[in-house]
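Chains as they are written, first to last, in the numbering used here: chain Y, 1 to 359; chain P, 1 to 438.
Please note that the accuracy of each hint is not assured.
[As the list claims (entries may be wrong)] Straight-line C-alpha distance at most 35 angstroms; calculated DSBU-like pairs for lysine-lysine:
#1 Lys150(Y) with Lys354(P)
#2 Lys202(P) with Lys93(Y)
#3 Lys202(P) with Lys259(P)
#4 Lys93(Y) with Lys259(P)
#5 Lys82(P) with Lys93(Y)
#6 Lys150(Y) with Lys259(P)
[As the list claims (entries may be wrong)] Partial pick of chain Y residues on the chain P-facing surface, computed with a CB cut under 8 angstroms:
#7 Gln50
#8 Thr96
#9 Asn149
Read the hints as simulated data drawn from the structure, not as lab findings. Quick reminder that beta carbons are idealized off the backbone N, C-alpha and C, glycines included.
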Amino acid sequence: MFYREAGQFKSTYQTDQAIFPIVQDRWFMALVFIVAFVVIPLVADEYWHQAIIIPFLILALAAIGLNILTGYAGLVSLGTGAFMAVGAYSTYKMSTAFPDLNIIIIFLLSGVFAAMVGMVFGAPSLRIKGFYLAVATLAAQFFILWVFNKVEWFFNYSPSGTITAPPRELFGVLVTGPEASPVARYYVCLVFLVVFAFAAKNMARGRLGRSWMAIRDMDIAAEIIGIRPLQTKLSAFGISSFYCGVAGALYIFCWLGSAETEAFDILNVSFPVLFMVIIGGLGSVLGAILGAAFITLMPIFLTNAPPMIGIHLAADLQKHIEEIILGLMIITFLIVEPAGFNRLWQIAKEKIRKWPFPY
Amino acid sequence: MKLRSLLLATAGIAVGVTGMIESKAAFAAKEVFFPVMVYRTGAYAPSGVPIANGFRDYYDLLNKRDGGIEGNKVVWEECETKYNTKIGVECYEKLKGKHGGAVIVSPYSTGLTYQLIPKAPVDNVPILSMGYGRTAAADGRVFPWVFNFPSTYWSQASAFVQYVGNQIGGLDKLSGQHIAHLHHNSAYGKEANPTLKALSKKFGFKLTVLAVDHPGQEQKAAWLQIRRKRPDWVFMSGWGVMNQVAIKEGNSIGYPMDKFVGNWWSGSDADVIPAGDGAIGYKSTAMHAAGTKFPLFKDIIKHVYGGDAAKAKANNVGEVLYNRAILNAVFATEAVRKAAKAKGGTPTGADVRKALETFSIDKARLKALGLAGFANPVSVSCKNHEGTSPGVFIQQWTGTAWKVQGGFVPAMSDVVRPLVEKAAAAYAKENKIKPASC
Numbered sequence: 001m002f003y004r005e006a007g008q009f010k011s012t013y014q015t016d017q018a019i020f021p022i023v024q025d026r027w028f029m030a031l032v033f034i035v036a037f038v039v040i041p042l043v044a045d046e047y048w049h050q051a052i053i054i055p056f057l058i059l060a061l062a063a064i065g066l067n068i069l070t071g072y073a074g075l076v077s078l079g080t081g082a083f084m085a086v087g088a089y090s091t092y093k094m095s096t097a098f099p100d101l102n103i104i105i106i107f108l109l110s111g112v113f114a115a116m117v118g119m120v121f122g123a124p125s126l127r128i129k130g131f132y133l134a135v136a137t138l139a140a141q142f143f144i145l146w147v148f149n150k151v152e153w154f155f156n157y158s159p160s161g162t163i164t165a166p167p168r169e170l171f172g173v174l175v176t177g178p179e180a181s182p183v184a185r186y187y188v189c190l191v192f193l194v195v196f197a198f199a200a201k202n203m204a205r206g207r208l209g210r211s212w213m214a215i216r217d218m219d220i221a222a223e224i225i226g227i228r229p230l231q232t233k234l235s236a237f238g239i240s241s242f243y244c245g246v247a248g249a250l251y252i253f254c255w256l257g258s259a260e261t262e263a264f265d266i267l268n269v270s271f272p273v274l275f276m277v278i279i280g281g282l283g284s285v286l287g288a289i290l291g292a293a294f295i296t297l298m299p300i301f302l303t304n305a306p307p308m309i310g311i312h313l314a315a316d317l318q319k320h321i322e323e324i325i326l327g328l329m330i331i332t333f334l335i336v337e338p339a340g341f342n343r344l345w346q347i348a349k350e351k352i353r354k355w356p357f358p359y
Numbered sequence: 001m002k003l004r005s006l007l008l009a010t011a012g013i014a015v016g017v018t019g020m021i022e023s024k025a026a027f028a029a030k031e032v033f034f035p036v037m038v039y040r041t042g043a044y045a046p047s048g049v050p051i052a053n054g055f056r057d058y059y060d061l062l063n064k065r066d067g068g069i070e071g072n073k074v075v076w077e078e079c080e081t082k083y084n085t086k087i088g089v090e091c092y093e094k095l096k097g098k099h100g101g102a103v104i105v106s107p108y109s110t111g112l113t114y115q116l117i118p119k120a121p122v123d124n125v126p127i128l129s130m131g132y133g134r135t136a137a138a139d140g141r142v143f144p145w146v147f148n149f150p151s152t153y154w155s156q157a158s159a160f161v162q163y164v165g166n167q168i169g170g171l172d173k174l175s176g177q178h179i180a181h182l183h184h185n186s187a188y189g190k191e192a193n194p195t196l197k198a199l200s201k202k203f204g205f206k207l208t209v210l211a212v213d214h215p216g217q218e219q220k221a222a223w224l225q226i227r228r229k230r231p232d233w234v235f236m237s238g239w240g241v242m243n244q245v246a247i248k249e250g251n252s253i254g255y256p257m258d259k260f261v262g263n264w265w266s267g268s269d270a271d272v273i274p275a276g277d278g279a280i281g282y283k284s285t286a287m288h289a290a291g292t293k294f295p296l297f298k299d300i301i302k303h304v305y306g307g308d309a310a311k312a313k314a315n316n317v318g319e320v321l322y323n324r325a326i327l328n329a330v331f332a333t334e335a336v337r338k339a340a341k342a343k344g345g346t347p348t349g350a351d352v353r354k355a356l357e358t359f360s361i362d363k364a365r366l367k368a369l370g371l372a373g374f375a376n377p378v379s380v381s382c383k384n385h386e387g388t389s390p391g392v393f394i395q396q397w398t399g400t401a402w403k404v405q406g407g408f409v410p411a412m413s414d415v416v417r418p419l420v421e422k423a424a425a426a427y428a429k430e431n432k433i434k435p436a437s438c
């Protein structure tokens, strides 16, 4: 009744091509932005910012990056953690070597480094596909982390091999380091996510995204209609790694504060991000964000839910139960809706369209 | 279709319910809160369970026997981290403000300690990382909120070299010796490397560094090198499942166990028992004694376990890491006691930090606590957070128990302290910290 296209006429190409062609969608997005930019910083306390919202934003960014590669271009990668590590370590190196350089520029430059590394390890994708490519990116995962653990130059010869985010300011406000307020760090992550999510959405709708999807759906056919496989695949690797690199930089600088390579471990990062993409829905920006929300927030919710309703369990028992429930939820969800949260969202929209008179 | 709606409805209700029930713990005036980071699950659980039980039992004992610390009820809450740094951060953020604020935190994970060090001055929660974490924190001028007495990784490594010197008849005989350092490939495992390198330069022994990747079940490559190079001594910085695997591997290549020395995180009961008789003779450093012969443990069995010694044994009482947690809990609660006395009420994190800066436990106090001969006396200063007498005991596994061999082996503070101050100064420069004057 309220959510419908009827009566919304498009008289220019511009309105026809808008990301959100329906006015209700635009209202909804405006509401989301108000909540994200105004309400959350006012309402959320430090625990919410530090433990829940900031990691969610950062991992959502990484998931969008991986979704470009896996969802849009159909190239499976298990090297997300490594590409994030490239972003993190290059940010660390640059910010300690050039303390006066603007931190945002450093974040973006580290994304560029990650993109270059990503393209190098993406080169085999021209010849190998599917599981074999996954194994090749797995090699990147192990090799890159090994290098960062082994070569002392990368962590400035610190005795323990740990990198620590130095304090850096943006417009006179501390945004990295331990003394930066959670709200400042939240805003940095949020702006990155919003800008990059819109960029990804637009890339996916444009020539680049269409060529990725063509390669994904049938590479030979795509080649015949004039899409160059090498450039297309490498651009997917490069842009995906750029996203992951920036996410990795934020991961250390705006969230953890200090870390060793173990923070980018395959089980800690690469697999969870891949699960976010799968659970959220392949080939969709919204899906990546919803998937990230599920994977990061659900375990915390499951840990905190029993004490909130008055059930106090031993810490280890609760952890075991949490893992069991989370696993069951993932299995159930993938059986009920294999196409992910994004599909669920679309179904919901269809339903709202027909509400309250479904036919 | 029905299933999906049901799931959605359940999820919706769950979210709604938790939103409504905002659980704000009632703030009672006379209590001190200790957050306890535990890992009772995962690859490091063999090490984590005894530690968690130790903290739990000592806090429980203080409440049941003494009614708390100086009239303040001891409140503690466990949070499961799986030894995962990120979950640890989440736990810390969740717990730090509860019950009027944490007064002290012991993360029991070097990775987590690194995370918490920059947060400590912001949150006003002092860190007691007893023999782990960032070694440079021994310089109290740069790290006023972090304490790592009674000894650090670097002091421990130098004490190990001292021990080797003692065994072969003098430090001058060290040149020509070959020492291998088998370490967990993480911030924790790497800590001892710079010290060992400096000492190898000073004394002329050959050093081979062998890294084992997390979680440490796969060590064939490292032990192949040990078999080839035949080092005279192997020093191990291991943790969790890595320790028992290393002892088994050492056995399988016939490496002499009495030349194989673990650090204090590689010398617990759970590390040697799986290796069976092969572990007999294996040594490790220690900062305290094992076993239950001290009066305090009688109190624990009496008050916490209701006199049920079998149940106490099942809860690891007397194991090395259990006793480590007891020592840690004693240090933490004694600092809180000191702060409470000085303030005459319920101390905050800042008060406890002040108390830690002049913290000391002498022989008489240890005796009063029922721990005579359990550990060395400790005294900390504002400048020196490692304590004035760092060093280790060497303990050996007899097949049934850990026995301390010989006396206390002091660390080479003349070598270690300049390294600590240099590392602390570098940290201060990188993070724009102005060192406090002491």
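Is the interface hint for Asn149(Y) satisfied, with its Cβ closer than 8 angstroms to some Cβ of chain P?
-> holds, 6 angstroms
Take a quick look at whether Lys93(Y) and Lys259(P) sit within 35 angstroms of each other, Cα to Cα.
-> Roughly 40 angstroms separates the two Cα atoms, so the pair is violated.
Can the restraint linking Lys150(Y) and Lys259(P) be considered satisfied, given a maximum Cα separation of 35 angstroms?
-> Distance of about 27 angstroms is within 35 angstroms: holds.
Going straight from one Cα to the other, do Lys82(P) and Lys93(Y) come out at no more than 35 angstroms?
-> Since the Cα atoms of Lys82(P) and Lys93(Y) sit roughly 30 angstroms apart, the hinted pair holds (cutoff 35 angstroms).
With 8 angstroms as the cut and Cβ atoms as the points, is Thr96(Y) at the interface with chain P?
-> It holds, given that the least Cβ distance between Thr96(Y) and chain P is near 6 angstroms, below 8 angstroms.
Per the CB criterion, is Gln50(Y) less than 8 angstroms away from chain P?
-> This hint holds: Gln50(Y) lies near chain P, its Cβ roughly 5 angstroms from the closest one there, short of 8 angstroms.
Taking 35 angstroms as the top limit, are the C-alpha atoms of Lys150(Y) and Lys354(P) close enough?
-> violated, 39 angstroms
Compare the distance between the alpha carbons of Lys202(P) and Lys259(P) with 35 angstroms, and conclude whether the hinted pair is satisfied.
-> Answer holds: Lys202(P) to Lys259(P) is near 22 angstroms, not above 35 angstroms.
Mind checking the alpha carbons of Lys202(P) and Lys93(Y) for me, to see if they're no more than 35 angstroms apart?
-> holds, 31 angstroms
Hints 1, 4 from the earlier list are contradicted by this structure; the remaining hints agree with it.
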